[in-house]
Structures are given as structure tokens and as C-alpha cells.
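Q: Protein chains in written order, with numbering that gives the first Met the number 0: chain A, 0 to 415; chain B, 0 to 262.
If you are wondering where the hints come from, they were derived from the structure by calculation, not from laboratory data. The model shown is predicted, which means the values in this text are computed figures rather than measured ones. Ideal Cβ placement from N, Cα and C applies to all residues, glycine included. Keep in mind that the hints are not guaranteed to be accurate.
[Unchecked claim] Straight line, CA to CA, 30 angstroms or less: simulated DSS-like cross-link-like pairs of lysine-lysine:
hint, chain 1, residue 1, chain 2, residue 2
1, B, K120, A, K293
2, A, K228, B, K103
3, B, K196, B, K247
4, B, K103, B, K149
5, B, K27, A, K228
6, B, K137, B, K40
7, B, K103, A, K293
8, B, K27, A, K293
9, B, K120, B, K196
10, B, K149, B, K109
11, B, K103, B, K27
12, B, K40, B, K247
13, B, K120, B, K137
14, B, K109, A, K293
15, B, K14, B, K103
16, B, K196, B, K137
17, B, K251, B, K27
18, B, K149, B, K137
[As the list claims (entries may be wrong)] A few chain B residues facing chain A, derived, Cβ under 7 angstroms:
hint, residue
19, V91
20, R94
21, A95
22, M99
23, N105
24, G118
25, I121
26, V175
Listed below, chain by chain, are the residues.
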Amino acid sequence: MTEQAAPTRTDKFEARLKRRYAAERRFKMAGLGAVLFSVGVLLFLLVTMSINGIGGFQRAELSVPIDFTQAGLSAAPAGLSQPSAVQSLQAQGLPQVVEYFAEESLGKAGADQLSDNAWRTVADQIITNPAILRGTEEFSLAASPKLAGGLGGEGSAEMQSLAADLAAQGKLENRLDLGFLTRSDATNSQMVGIWGALKGSILTMLVTLLLAFPIGVMAALYLEEYAPKNRWTDVIEVSINNLAAVPSIIFGLLGLAVFLALFPNMRSAPLIGGMTLALMTMPVIVISGRNAIKAVPQSIRDGALAIGASQVQVVFHHVLPLALPGILTGTIIGMARALGETAPLLMIGMRAFVATPPAGFTSPATVLPVQIFLWSDEIDRGFVERTSAAIIVLLVFLLLMNGIAIYLRNRFEKKW
Amino acid sequence: MVTVVHPNLEQNDAKMSAKDVSVFYGDKMAIDRVSIDIPTKYVTAFIGPSGCGKSTFLRALNRMNDTIPSARVEGEITLDGEDIYRSDMDVVQLRARVGMVFQKPNPFPKSIYDNVAYGPKIHGLASARADLDEVVEKSLRRAGLWTEVKDRLEDSGTALSGGQQQRLCIARAIAVDPEVILMDEPCSALDPIATAKIEELINELNGSYAIVIVTHSMQQAARVSQRTAFFHLGNMVEYGRTSDIFTKPLEKRTQDYITGRYG
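Produce the entire structure from the sequences given, and follow the hints as far as they go.
A: Here it is, written out as C-alpha cells:
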């Protein structure tokens, strides 16, 4: 044996070993840094949105006690169905009654700042509980956007002092406004709600899912399991990849040119919106579906074929169930993108002012991102918080949708 | 290619027979004009070095090569005298009659019960639950797995050990009551104890089914088979009784292989 140390025991080797560990530590730190950065961005988004948006779920409301024994209103049970009951109450002078008691309680200047349609809130409460007509009832009615601004320390000095007076008397305060979740768009920031846009989004997403998912999955299955591998399938593959990369506004133009030409009376309808977004989502589902199907081991197919399963049985009994979690992941990504999409929907007229929630798939509607876009453009300061609140609703809807998809994916996931 | 067939080999009860079968992958010839009769009542072993085409030839026997787009088969393979490559041959029915067990155990990621019941279900051999139960029990018993799994039939087949998985695959294959069982190196992924169990199982199944086994292990071929074919570079070099092939091979290449000179 020589005196020479083994090559793995030299100083040179150990110095090199140190450098290798240092490189590993650097790589780990970089990775951790990247994760922390993305978590930080997400937290920043959620925190700022929550802080800004909390105000959006509140509105300035004025307290108005109304003594119905003096008002002489009658609400016969037979007439108590919307909307005729509201008309009946209006004909009996409910708006004037509300105005009278508002002046009594808030003074002339305060009563003027009651929202125009405040009496409808009163009418709704009478209809749900006619018994209140026999006594005095305290109502919390929406203030005008100007007064709301005054309460928030904005607007004219006159408004600010009026708001301060009323607030000091306990007659004006910001209250939780759950009606935001049940009303629709309005010109008045105190009266707007998100339900119209939310329902529009739900209907649009349903159409998108029902079209894009089956078509996408079928296309992926056919391309992977049946189609011969030749020049034509290569061309189709490249086309689908390109389709997934086409800017969304172009799909909007396509929807405008094709779908609205076919159904000219359905401008702004969730059906058309959903069809347009389905065009955009389908390639994403096809691509992720093909990858998921490719990942199913050939041995499973062989095993089934070898005991005499037909091609269709192999696909539907073995390949599809195993690929489904992967396909669902792709569907989540595609649907999330579709949910947040604004541009193509602007092209097919979903930017219209729609003050009632859509009745069905063919009635005019707007969707959450478009609603956010429209509100962010409003001059009235009250819309700023409403916009944040709408963003929170959109994010919650998104999380809910993803949550359901992840739950489904985990249910279908099988280990082997 | 000329195959040396041992003269004392009686060939009168062929279950399957191949005549001048060549298999191509694209332009490459993987099997060169192989002719062989596979007997009904015996285990036939295909031996030979890696890449000699024995697995390719085995897969030609139940048309599993159809799944490989570039594969092409020439010549004639018959099952009970019927050409299995004729255009009106029903591949699904063929594979129900000629079952296959693969090199790597490939149970479905379903319960043990469903793994075995799948074949009978899709072929409509048993539909009532009681009938299925019976088929599952019978198949698992024949595969020597029943006592080990009877209390956990609803567990996933993939949770079993490698050897148990392979016996499950054999149970799955015999559940459809095939006439021929093809085994493609069924023990190459298993430890010696699991291998011994599979070999024992092959010996028990011998006689009920025509069995063809591809193996790398000459000892295994000697233990389980009565007929042996030696493949080399796409040719079938020699075919005869297992005892004859191992004790008095007629060809030098066979002699070299079984004495460990190459392969």
C-alpha cells in the first residue's frame, strides 16, 4: 500500500464537497424565497381587498320611525302579493307617508337625503309582516350617496356637517347591508347589489362547463385512444395548442360574428357568453386531458385488452376513471380563467346595464368581472367600496368552484 | 428459417399452430418465419436471450401486437384450426379464449373482487352477484390466493405484494375460462419465494389449459415446461421436449445458450 490518501479523502475533495452543499443550500433558499413571495402576494391581495371591501358590504342608513296608526294604510291579505301589493301601497300614498315621517324625525334637510326608493324597503317589510301596520315601527332606510359620502368625510362641507349632526343623534350610521348580495345593478351606489352579476356568472359558467367539458374530454379521448398517429393528428394537435393561446378578445369577436349572427335576439345572454367562453376553455381541457390520459400506464390498457375488453370498455372502465383527476385539474384551470374573463363578453354585449337578475339562459345578463369593470368606471365615490366588495364575491365564488373541483378530484383519485 | 425439431416430438394435438410467422416493427423484422405447434395439454416454454423476439411472438398469439401501430404480422396462426388474423376474426373473443399474464403485475386499481370479476362481467359469463361470487372464489382458489385474500376482497388489488399481484393477474386471466394462457416472463419482477409459488401454480394449471410461458430462466423452463423452444435473433432455433432440449440439444447455439456461453 502507498502512503497516498484515497481520492475521496483529499482536501481538494472536501473543499468541493463543501461547495456542493453550499450550492444545495442556495437552491433551497431560492425555492423557499419563491414560495414565500407568491404567498406574500396572495396575502397582500386578500388583505387589501378585505380591508377595502368590508365597507362595500355596509351602507349609510337613516333611522325613520313610522306610526302606521296615523297613516291609514290598508293591506288586504288578498292584495299582498308582489308586485301588485307594492303598487297598491304606492297608490295609497306610502311614499308620502315615508317622506312625512322622515321630515318629522330627520328634519327637511335630512329627509331630502333619503334614497329615492327608500319607501320600497318599507313596502317590502309591510308585505312580509302586515302586523306592523297596527303600531309604530322603526325603519332603517338607505341614505343618498351624497349623505353617505358626507358620513365618510367626503363631499361638500354642508353634507359633512349634516351627516355629523344626524350621526351624533344616532339617526345615521353604517350598517351591514346584506341586501348587496340579493340586489342587482343600479345607478345609485347605495342601492346596488351583486346578485344579478353573480347569477349571470353562474349561468354562464354552467353553459361553459356543459359545453366545454364533454367536448374537450371526448376530443382528448379520441385523439389519445383512437386516432391514428399521422400528419393529420399532428396538424390537429398544433391547432388545438394554438387555439389555447389565442387572445380572449378574439374569441369575443368570433362569438359576435358567429353566435350573435345565428341568434340575433340573444345579445348579452348567458347562453351566448357561455358558448363563447366554452370555445376558449375547450382547448385547455383537451390539452390537460390528453396529458392525463397519456399518464395512464399502458399496462392497465394491456391488462384489460388481454382479458377481452373492447376498446370502448378499456377507455370507459379503466382509462377515463384513472385520468379523471388530471382532467378535472385542467378543467379547474380553464373554468377559473373563463370566470375571470371580461374582454370576450364585452364584445357580445354583456356590458349592458342590467338592473334585474337574469331570468334564464337567454335573458340579458352581466357577469362578475364585467360588473367590476363597470363599477370601477363610475364617478360616484360610493362605488369604490362596492367594487372591492364585488371582487371579494368573485374571489369567494372562484374559491368555492375550485374547492368543489378539488373535492371531486380527491374523491376520484386512486392509488396504484 | 429452418427450425430443428426433435424427431421424437409427437405433434398431433396442437391447440395453436403458427406457420411461417414473421413479425415486423416498421421495416425491422423481429420474428423471422417461425413455425410451431403449441400442444393442448402441456406447458410450452420460450427461452432465449433478451431481444430475441420471444415476447413479440407470444404477443402475436393473441394479437396484443395490434396495439402497437407499427407492428405487422405475416404468415398464419391458427387456434383450433381457425386463422386468428383473418379479417372477420373477433379480437375481443380471441383474447377471451387466449388470456395473457404480463411481465410486470398489472392489477387494475380496483378491489381484488372487481379485478377478478371484471372479465366475467364484461363477457356476461356471470351477472348475478351469487354467480360472480362463485367465479371469483373459484378463480382465486385456482390461483392459490383465496386463503390469503378471502377476508379483504374489497381491498385494492394494488395493495397486495408483487407475488400476490401476479397471482391475482393469473386469477383474473382464468376467471374468463380461457383455452390458452400466455405468460410473458411472469416471474421476472418477483423474489424467489413468490416465483416458486407461481411455478407451483403453473404446474397445477397444467393440463387444464394450454400454457405458453416466456422465460429468461432456463431452470424455470426446466421446472415448469414439457416443451421448450429456443429463440435467437428472431429465429426459432430448436424445438422439442424440454428434457431433450436441455440434455441433448441438436444445435450448437442452443448448446451454447443452455450452458451459459452467452445470453
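Q: Can you name, in rising order, the numbers of the hints this structure does not satisfy?
A: none
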